[in-house]
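The listed protein sequences derive, respectively, from chains A and B. Sequential numbering from 1 applies to the first sequence in the working numbering. Sequential numbering from 1001 applies to the second sequence in the working numbering.
The set of hints was computed from the structure by calculation and includes no laboratory data. Certain hints may be false.
As the list claims (entries may be wrong) - Going by beta-carbon spacing under 10 Å, a handful of chain A positions derived as facing chain B:
#1 Ser53
#2 Leu67
#3 Leu70
#4 Val86
#5 Asp89
#6 Trp109
What the hints assert, rightly or not - Incomplete in silico selection of chain A near chain B, CB under 8 Å:
#7 Arg27
#8 Leu28
#9 Ala46
As the structure is a prediction and not an experimental result, all values here were calculated from the model. We put the CB at the ideal spot given by N, CA and C, even for glycine.
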Amino acid sequence: MSMQSPLGRVRGLGSAKNGTHHWWHQRLTALALIPLTLWFAISIVAMTGASHSAMLDWMNSPIVAGLMVLLLAAGFYHLKLGMQVVIEDYVHVEWQKITALIIVQFGCWALGLASIMAVVWVWTGG
Amino acid sequence: MADVNRPLSPHLQVYRPQITSILSVIHRGTGVVLGIGTLLLAWWLIAAASGPEAYAQFNWFISGWIGRLVLLGFTYSLFYHLCNGIRHLFWDIGAGFELASVSATGWVVVIFSLGLTGLAWIAGYYMRGAL
């Protein structure tokens, strides 16, 4: 068993039922994030030094809130996919790898959902 | 998994640095930085939802020199990852793989990411009335 290469061990087990899904979703979110990031960067610059009420006024628009939710959803998903690849590439001790993957996964969900809920909260007028 | 002690993936110690490899490392690095930067983004949004006091606290942090330094790093990471990400998408459709164009587009990414960062910060200071 220990003499087998990783390839030798998985040969004959059949498909992982995964294929290009991860790669494709990374690219789809990347594509979506191009216009969203540009919009975000321009908006942030325009909001430099804005007061709390100006910020609320800005996010009160369904377009702004909608774009922000899209940015957050695509961004956090893209982040989760990317961090997963980085961890899988550099962390080779199994329990550390699994732990890191779980932390990234939970962190992205928690932070992403909290941010989206904050946007919706502001948009609906608190 | 690691019963055969072979190097499995990008091992940077034995790879001669070149524009392609350096930019590739920076792409990953900026990706991780942006991941950490989402804490800032989440803080900003949650502060706005929490009320004027929480928002003032965020504004206090981000206007300070540490906050500005962090934001500068975040801005550069964002523009770098955006520009180089577009470069990656062109590779994904099979374009720009010749060695000459790989290094040329690499330099374009370097120039654009620095330029856009500068532009955003000048515009930001202008918005604050500091320019």
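Hints, one by one, checked against the model:
1. Ser53: 8 Å, holds
2. Leu67: Leu67 of chain A check fails; min Cβ-Cβ to chain B is 13 Å, beyond 10 Å.
3. Leu70: Leu70 of chain A check fails; min Cβ-Cβ to chain B is 14 Å, beyond 10 Å.
4. Val86: 6 Å, holds
5. Asp89: 4 Å, holds
6. Trp109: 12 Å, violated
7. Arg27: At 6 Å from the nearest chain B Cβ, Arg27 of chain A passes the 8 Å test, so the hint holds.
8. Leu28: 11 Å, violated
9. Ala46: 7 Å, holds
Consistency note: the structure conflicts with the earlier hints numbered 2, 3, 6, 8.
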